[in-house]
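Engineer: Chains as they are written, first to last, in our numbering: chain A, 1 to 332; chain B, 1 to 332.
Hints may contain errors.
Identical copies look the same in the list; a pair holds intra-copy or inter-copy alike.
Unchecked claim - Subject to a maximum C-alpha distance of 25 angstroms in a straight line, what follows is the list of computed DMTMM-like cross-link-like pairs (lysine to aspartate or glutamate):
id, residue 1, residue 2
1, Lys29, Glu19
2, Lys11, Glu182
3, Lys52, Glu19
4, Lys29, Glu161
5, Lys11, Glu141
6, Lys236, Asp247
7, Lys324, Glu30
8, Lys11, Asp284
9, Lys237, Asp286
10, Lys324, Glu161
11, Lys22, Asp53
12, Lys33, Asp198
13, Lys139, Asp286
In short, the hints are calculated from the structure, not lab data.
Number of protein chains: 2
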Amino acid sequence: MSEFRQNMATKEWVIIAPERGKRPSDLAKEIGKRQPMPSFSENCPFCPGNEKDTPPAVLQMSHAGSWKLRVVPNRFAALSPNKSAIRHPVGAFLSADGFGIAEVIIENSLHNKTIATMSIDEVTDILHAYRERQSEVSKNENINLVTIFRNHGPRAGTSLEHPHSQLIATPIVPPHVRYPLEQAVLYYDKHGSCVYCDLYKEELNQKERVIIESPRFVVFCPFASRSPFETRIYPKKHQASFLSASDDDIAELAVVLHQILLKIYTFLGDPDYNYIIRSSPIGDEDTRHLHWYMIIIPKISTAAGFEIGSGIYINTVAPEEAAKHLREVAIG
Amino acid sequence: MSEFRQNMATKEWVIIAPERGKRPSDLAKEIGKRQPMPSFSENCPFCPGNEKDTPPAVLQMSHAGSWKLRVVPNRFAALSPNKSAIRHPVGAFLSADGFGIAEVIIENSLHNKTIATMSIDEVTDILHAYRERQSEVSKNENINLVTIFRNHGPRAGTSLEHPHSQLIATPIVPPHVRYPLEQAVLYYDKHGSCVYCDLYKEELNQKERVIIESPRFVVFCPFASRSPFETRIYPKKHQASFLSASDDDIAELAVVLHQILLKIYTFLGDPDYNYIIRSSPIGDEDTRHLHWYMIIIPKISTAAGFEIGSGIYINTVAPEEAAKHLREVAIG
């Protein structure tokens, strides 16, 4: 029994079409096992002792004389801060220099850690680093959007094993980001409330896709999940920007982020994944119609011609099913 | 030297950031070789003799007593024609039954053919089958969008080796399709012309990204290519729908499609790819602001957290460079 479902916020549609006779627990086998990694790798530019292989840190956290987290400019960045943000025509087309800021958050000194296997304190440090760097680059008046994300494993687009996240700040807010904002305004003007607040409240109400609820956060597989085990973390308090997250918010986010990634790690066998923090464009931090959140996408399926052409994603695992399995995973 | 570029039609942005010291010709090595395949595979549901493994054909082309092309309903379809197209609420969310039509175009009787290695006549047959089936399913008054696409190889989302394309017809035209249409209307109202007509004319004008120009078609790597070797085929005549392609158009499209896929096959070593025919929603076939076209996406790069989060794609091969290489590939 397949079904179209609409994302309440973006108005995009997905098709939920569970494959007959296939159990989500089989996915772990299909994904395959990750090779064990050493805690130190001589040729890794992010391992201690190889600091000369990266530009000087813009943020460093230390413990007992050694660094435990470093943020460095991305040496292989597609964008550079030393360029103009001015757009210029190329015939009838529009272009701009590759101005922007790209940083790497080296999350841990140990080569073989990942968030699921870190301590809560270590995860808290990472989130503090995200907020601090987002705050810092947001001060650049030519920057309009900051995207913070984590690519874990080759299917998620990274060849670097050492645990790291990235920040890319751009002068441009593209339609892909603007369109959902426009939908959020239409919703706000019709209903007088933030569509993202209403969305997570409806998920809490329907309950079956909720995995974790804490005082400040709700973690769920959304009604209109685009791919198997897509998971979102929403703050319950209305906040348009991740910059509005307080220290207490971050402390609690570290716990739920660690929990959900450990559940995914355990159930699916350390799959490759992307996560992204979606946060308002610079200057819209206090708007009433936007809401920051985290989206976690295990890399299990491949977007093919139909998805690229129509934008309608076919998801072979019902989010109710995925959430049920993740709820049941016992951790620590 | 990296650069932002805007897609003139959709207004989406990409970053063109060629990797230093890396030549596009190295890509073929990274992609790896495809295993040679037999011309017949006993367990393949699409090979001659196994017709019982598919539902009865809705279209069949024959030669000398054997079929040379078959179109069959997709046995593993995510959508079914025997459902209601009515949307219904699920609490505050919106849902619809999985109504739709999904067909497989079995392009050839030989297991190991692909478009690059077929004859022009064989490619012509495929395009005729596309148009005929698109025309037929468009008559269903609950169908609003027909997407025809080809997934070639596992990285493009197919595990089936036998040469095939797919058609999926949906009752829904999602925002992903609507948004570019809205941009096209704005452009039409401002300029009095179809943005896609103006786009290909500007590409012809700038010349450096054009790979093939024939009397009726232009083949180019677009100014704002999202990924390496992204290639498009536009009809020069203003036509909103692929259904408006005449027999003569199709005969010439078969030639240029075969040429460009053979060039890609030769230069990149038979890479996995998706291609898609983008065509107007049903009922908008005669509109003055839309334009059908084909998009070919070799699967070389992986969309990661930044692309998913921002919608801005980082492309490591400049389209001028890609087009130059493909122009230079000698074929037949």
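Engineer: Determine for every hint whether it applies to the structure shown.
Structural biologist: A quick look at each hint next to the structure:
| no. | hint | result |
| --- | --- | --- |
| 1 | Lys29 / Glu19 | within (16 angstroms within a copy, 35 angstroms between copies) |
| 2 | Lys11 / Glu182 | both (11 angstroms within a copy, 15 angstroms between copies) |
| 3 | Lys52 / Glu19 | between (50 angstroms within a copy, 21 angstroms between copies) |
| 4 | Lys29 / Glu161 | both (21 angstroms within a copy, 22 angstroms between copies) |
| 5 | Lys11 / Glu141 | between (32 angstroms within a copy, 23 angstroms between copies) |
| 6 | Lys236 / Asp247 | within (15 angstroms within a copy, 58 angstroms between copies) |
| 7 | Lys324 / Glu30 | within (20 angstroms within a copy, 40 angstroms between copies) |
| 8 | Lys11 / Asp284 | both (22 angstroms within a copy, 21 angstroms between copies) |
| 9 | Lys237 / Asp286 | within (13 angstroms within a copy, 49 angstroms between copies) |
| 10 | Lys324 / Glu161 | neither (30 angstroms within a copy, 35 angstroms between copies) |
| 11 | Lys22 / Asp53 | between (46 angstroms within a copy, 20 angstroms between copies) |
| 12 | Lys33 / Asp198 | neither (39 angstroms within a copy, 50 angstroms between copies) |
| 13 | Lys139 / Asp286 | within (16 angstroms within a copy, 49 angstroms between copies) |
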